[in-house]
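Residues 327 to 565 (this note's numbering) make up the sequence shown, in order.
I should point out that these hints are in silico values taken from the structure, not numbers from a laboratory. Errors might be hidden in some of the hints.
Claimed, not checked - In silico DMTMM-like links for lysine to aspartate or glutamate, alpha-carbon gap of 20 Å or less:
id	residue 1	residue 2
1	K388	E360
2	K364	D331
3	K449	D404
4	K399	E434
5	K382	E434
6	K538	E505
7	K380	E424
8	K342	E360
9	K411	D350
10	K377	D404
11	K565	E555
12	K447	D465
13	K385	E371
14	K459	E505
15	K443	D409
16	K336	E360
17	K507	E529
18	K342	D404
19	K377	E387
20	K447	D397
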Amino acid sequence: MKPTDIIQDKIKRLPKGYVFTYRDFINEVNVDFEAIVKYLNRLAEINIISKLSKGKYYKPEKTVFGTVNPDPKQVVKDLLIEDGKLIGYLTGISIFSELGLTTQLGFEIQIGRNTPKAFIKRKPYQISFILQKNKITTDNIKYLQLLDTLRLIKKIPDTTIVNSSKIIQLKLKNYSSDELKTILRLALKYPANTRALLGCLLENITDTFTLKNSLNPATKYQFNGLMNEFPNAINWNIK
327 MKPTDIIQDK IKRLPKGYVF TYRDFINEVN VDFEAIVKYL NRLAEINIIS
377 KLSKGKYYKP EKTVFGTVNP DPKQVVKDLL IEDGKLIGYL TGISIFSELG
427 LTTQLGFEIQ IGRNTPKAFI KRKPYQISFI LQKNKITTDN IKYLQLLDTL
477 RLIKKIPDTT IVNSSKIIQL KLKNYSSDEL KTILRLALKY PANTRALLGC
527 LLENITDTFT LKNSLNPATK YQFNGLMNEF PNAINWNIK
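Using the sequences and the hints, build the whole thing.
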């Protein structure tokens, strides 16, 4: 088979919405990467595939309503795992709806990672990054996502701080004692206002002494409406 036929054949076998680069074909055809890129660009021009960003393509799913955008996890998979190593995780606005905090979906993707990275765009998605001071592991991602949500609680669309806090507290009640200890340990590397809010939600669930001891007793934290639903917020200098 000709290299172009091999490439097309593999594309046909890829699932719809799958994001790929020339590297997906480099070991299967006896041509250099420039020839592969040139051919992929040609396929994009005639709408066989779609171009996501420079060097990145995806196999589009087409419906009567138009072309379906690829899944966000596909769009950013190279930003989550590199050379088999976990380097980031979806968080923030990317997972608010999954946590049941909002029904509003958009084209912004947020990723937590240990090193700073500038905002990038992969149409139609805008990708921003949140600096995570804890080590990222497969086991602790769900806890980091919850802590990130507390950190960004004022930015959750189409809801209130109080409603979001109630939902998050219910989730916290479902964690085991060991899981709560992990959350408390990870929280120590988060901003003080996040620690205060977590303490307020956890105070009647588990021991929060370590968390309380990490806060400056003179500092006040603003979370509108929280005092009305969580009277113990005063114990955490929340107003």
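So if I understand the rule, the pair passes when the alpha-carbon distance is 20 Å or less; does K447 with D397 pass? 15 Å, holds
Run the distance test for K388 versus E360: straight-line Cα separation, threshold 20 Å. 28 Å, violated
K377 paired with E387 [C-alpha distance capped at 20 Å]: Answer holds: K377 to E387 is near 13 Å, not above 20 Å.
So if I understand the rule, the pair passes when the alpha-carbon distance is 20 Å or less; does K342 with D404 pass? Distance of about 18 Å is within 20 Å: holds.
Taking only the CA atoms, is the gap from K385 to E371 under or equal to 20 Å? 13 Å, holds
Is it true that the CA of K565 sits at most 20 Å from the CA of E555? 12 Å, holds
Holds or violated: K399 with E434, Cα cutoff 20 Å? 12 Å, holds
Taking only the CA atoms, is the gap from K411 to D350 under or equal to 20 Å? Holds - the C-alpha atoms of D350 and K411 are around 18 Å apart, at most 20 Å.
Sort out whether E424 lies within 20 Å of K380, counting only the CA atoms. 30 Å, violated
Is the Cα-Cα distance between K364 and D331 20 Å or less? The hint holds at about 14 Å.
Are the Cα atoms of K336 and E360 separated by 20 Å or less? 18 Å, holds
Measure nothing beyond the straight line between the CA atoms of K377 and D404; if it is 20 Å or shorter, mark the hint as holding. The given pair, whose Cα atoms are some 16 Å apart, holds under the 20 Å limit.
Checked against the numbered hints listed earlier, the structure breaks hints 1, 7, 8 and 12; every other hint is satisfied.
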